[in-house]
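Enquirer: Sequence:
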Amino acid sequence: MSHKNIKLRILSFVVLLSICTTGFAQLDWVKIKSEKSKISFELPETPNLRNQELNGITSEVFSHRDAANIYGIVASNFSGLELDFDHSDPTEYYNQLKEGSLLSSNARLISEQSVSYKRMLGKEIVYTLMVENLEYTYFKRFFFKGQFIYQIAIGGPTRMKQVLLDKKQIFFNSIQFE
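Just so you know, we're using this note's numbering here: the sequence shown kicks off at 1426 and counts up by one.
All clues given are correct.
Pairs of lysine-lysine residues, derived as DSSO-like cross-links and limited to a Cα-Cα distance of at most 30 Å, are as follows:
| hint | residue 1 | residue 2 |
| --- | --- | --- |
| 1 | Lys1570 | Lys1458 |
| 2 | Lys1570 | Lys1543 |
| 3 | Lys1570 | Lys1461 |
| 4 | Lys1548 | Lys1565 |
| 5 | Lys1456 | Lys1548 |
| 6 | Lys1548 | Lys1570 |
| 7 | Lys1548 | Lys1523 |
| 8 | Lys1463 | Lys1565 |
| 9 | Lys1523 | Lys1543 |
| 10 | Lys1463 | Lys1523 |
| 11 | Lys1565 | Lys1461 |
| 12 | Lys1523 | Lys1456 |
| 13 | Lys1458 | Lys1543 |
| 14 | Lys1523 | Lys1461 |
| 15 | Lys1548 | Lys1461 |
| 16 | Lys1456 | Lys1586 |
| 17 | Lys1456 | Lys1543 |
| 18 | Lys1461 | Lys1543 |
| 19 | Lys1565 | Lys1586 |
| 20 | Lys1458 | Lys1565 |
| 21 | Lys1548 | Lys1463 |
| 22 | Lys1456 | Lys1570 |
| 23 | Lys1570 | Lys1463 |
| 24 | Lys1458 | Lys1548 |
| 25 | Lys1548 | Lys1586 |
| 26 | Lys1565 | Lys1543 |
| 27 | Lys1543 | Lys1586 |
| 28 | Lys1586 | Lys1523 |
| 29 | Lys1523 | Lys1565 |
| 30 | Lys1565 | Lys1456 |
| 31 | Lys1523 | Lys1570 |
| 32 | Lys1463 | Lys1543 |
| 33 | Lys1523 | Lys1458 |
| 34 | Lys1458 | Lys1586 |
Label pairs and their calculated CB-CB ranges:
| hint | residue 1 | residue 2 | range |
| --- | --- | --- | --- |
| 35 | Ile1482 | Leu1528 | 16 to 22 Å |
| 36 | Leu1590 | Gly1481 | 36 to 42 Å |
| 37 | Gln1477 | Arg1533 | 24 to 30 Å |
By construction, these hints were calculated from the structure, which means they are not laboratory data.
Yeah, the Cβ is synthetic: ideal placement off N, Cα and C, and Gly gets one too.
Based on the sequences and whatever the hints tell you, model everything.
Expert: See the structure below:
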């Protein structure tokens, strides 16, 4: 067998292995559904859940950390303030949430763009943060639906960006608003 054939077979095996690994990783994920916050999503494991209330705004905070990534969803209910984002401009709220995400002195905004989900418009920011001399990249999406603001984020070490991007696709594509 020639050297070229061996390299081709090894390359084929590596490609097949990466496809299989990505596919199996998603199959193992756990589906989470919150009736209270009207959202469902998938994570590698069952997340931690905290309920919070601040100034009449109740929130469900879902979080999970695996070996490489950090996942988070904050679903905040503004019904106590009689706000309905389907009938008001959420720009002011978005700007405050974005600024809050970048409060750390070493946070750096990389990009900002509009994203959509089933005809619902949202925003996505990408930013980096230094944590103990290691740079982390975060992808954070904001959606305003009815009386809820949803903040959906995933982050991980920038040096492992491909793993982060693969898991970002699985995570963000699993999100459903009820």
